[in-house]
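S.K.: Those sequence lines, one after another, are chains A and B.
Numbering-wise, the first sequence is residues 1 to 306 according to our numbering.
Numbering-wise, the second sequence is residues 1 to 306 according to our numbering.
It should be emphasised that the hints constitute simulated quantities derived from the structure, not laboratory data.
This structure is a prediction, so every number in the text was calculated from the model and none was measured.
For each residue, glycine too, the CB sits at the ideal point set by N, CA and C.
Wrong hints could be hidden among the right ones.
Covered stretches of chain B (chain A as the covering partner; in silico rule of three or more C-beta atoms under 8 Å from a C-beta of chain A) [to be verified]:
no.: 1; segment: 188-201
no.: 2; segment: 216-229
no.: 3; segment: 246-259
no.: 4; segment: 274-280
Protein chains: 2
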Amino acid sequence: MSGPVYDRVALIGLGLIAGSMAHAMREKGLAREVVGHARSAETRAVAREIGLVDRVTECAAEAVEGADLIVLAVPVGAMEEVAREIAPRLKGGATVTDVGSVKKAVIDGVAPHLPEGVHFVPAHPLAGTEHSGPRSGFASLFRNRWCILVPNGADRAAVDRLADLWRGMGANVDEMDADHHDLVLAVTSHTPHLIAYTMVGVADDLRRVTDSEVIKYSAAGFRDFTRIAASDPTMWRDVFLTNKDATLEILGRFTEELFALQRAIRTGDGDHLHAYFTRTRAIRRGIIEAGQDTEAPDFGRAGVTR
Amino acid sequence: MSGPVYDRVALIGLGLIAGSMAHAMREKGLAREVVGHARSAETRAVAREIGLVDRVTECAAEAVEGADLIVLAVPVGAMEEVAREIAPRLKGGATVTDVGSVKKAVIDGVAPHLPEGVHFVPAHPLAGTEHSGPRSGFASLFRNRWCILVPNGADRAAVDRLADLWRGMGANVDEMDADHHDLVLAVTSHTPHLIAYTMVGVADDLRRVTDSEVIKYSAAGFRDFTRIAASDPTMWRDVFLTNKDATLEILGRFTEELFALQRAIRTGDGDHLHAYFTRTRAIRRGIIEAGQDTEAPDFGRAGVTR
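Next up, chain A with everything else stripped away, as it sits in the complex (with noise of 0.2 Å):
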């Protein structure tokens, strides 16, 4: 990649996943100027302070208006009224995209808003931590992990200039329909956040075991949930309210198998429980062989050198 791919690139919202879009294109040119909008006041005031962005604006709209790509990078509840609000000022021939964790929904609010000339490219980036805000960005998020583009339709050479975007950010680049992005994603990330979220509420709901036995007794499996059951509520409560069918179709696969497990376990079927132990290995080698995750034991958490 030689030379910005965009010119202007306007990013609206400035947590984790536009900031560190705004840091992996500065480290890479990839765009002659970054702006950048939130809505709240001291995620603008942090991000000016730090230099998040070459230029803060006020409001959506005017952070859009010039801009060849402009990146919806706000929880997906937000994003039709963003699109509302920025649509009369973007460019003919501008890109907008987002960075949604569900496509459906954000192609349902933010297409019929968009005026015609203007390239709608739906993108997410299968990327995080379990931090959030302008702070906790960072350049290598993206770095092999996976982007999925849903062009919907869209014009191919957008498309394709999109792509190069974030493979020059580090990423691997796939295309999906939205429908089949959504299960996907209700699998990979949406159902087991729920889970991670209702395990950790479990634990701090019970009477007989404290909170502060749950906090020193935790490195025995517990801990690994808290992780992903840390990440931003807002953002989460939205994945949930949108991706509403395919979450709950998952959720009931999901219950069906814990309740046939736990029939084991009453009935003492050690042959059944066994066998299944067995057979999850095979998806984490994977895992580990595709370079999605680190086969240092432990995650290599601090402490643990070998």
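Given chain A, put chain B in place with the hints provided.
M.R.: Here is chain B on its own, set in the frame of chain A:
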């Protein structure tokens, strides 16, 4: 700590925990001699090849002869058989301990076989990784982790000496009764493992989402589940079969909460979801403050560098 805590230590079972104890005891000079036995000939051969312990014996009874501390480090379901086998060869005044994840079942299985004059001090180090076998151990596994002793009326001097060994290996030591231990662990370890196994099994089993998609897109949350779902199947089968009541109780609470969240999704109750997801963040902070996890984003996984 100056000088060995025990003269001769016998490790029965040479997997992750016993292997890590061998490394840690050697590094810190906590035992004058460490003898080991494993039921599998292959494990014994590997242990000899890598010099895991000072001496590997062909049978468990031989290993315990003359030992001051005998560590039962086999799956919970195999503890009773080992106790029966070694009982006649135990030295008067020796201490028998174990490292099983369940305490009541181990006490019920082991204690009746031990002769008068032998101290039994059940223990459970809350440390582990997703790896298993004689090559998986390392000296720092227990550092800043908790080891729970369940004295169950044992001789105070024997309990204190075992606590010294665990502190010498870097662990913090607590004492608890067996029932409370089993309940605390059902919350912080056993139920989370069952849920992780279930979620990974569901993902593996869906026809509309391929395994390759699950693997590629796992960074969005799912992969955190696969680590604990890659743990040793035999060990975990035994945990669930022997800590049945506490696990089923916590599973019951879990499904109750999960159904409440599921209903909130179905009815679109965003406030309920947001409040729930906000509450669970506090536990994560507690775990990091207690030094039981790293605050590096994404567990400080390789590739995440600021």
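S.K.: If a hint holds in the structure, say so; if it does not, say that too.
M.R.: Taking the hints in turn, this is what the structure says about them:
For a cut-off of 8 Å, the count of residues in the segment 188-201 of chain B with a CB near a CB of chain A stands at 14, and the three-residue condition holds. With 14 residues having a Cβ less than 8 Å from any Cβ of chain A, the segment 216-229 of chain B passes the three-residue criterion, so the hint holds. Counting residues of the segment 246-259 of chain B whose C-beta lies closer than 8 Å to any C-beta of chain A gives 9; at least three are required, and the coverage claim holds. Residues of the segment 274-280 of chain B with a Cβ under 8 Å from some Cβ of chain A number 6, which satisfies the need for three, so the listed coverage holds.
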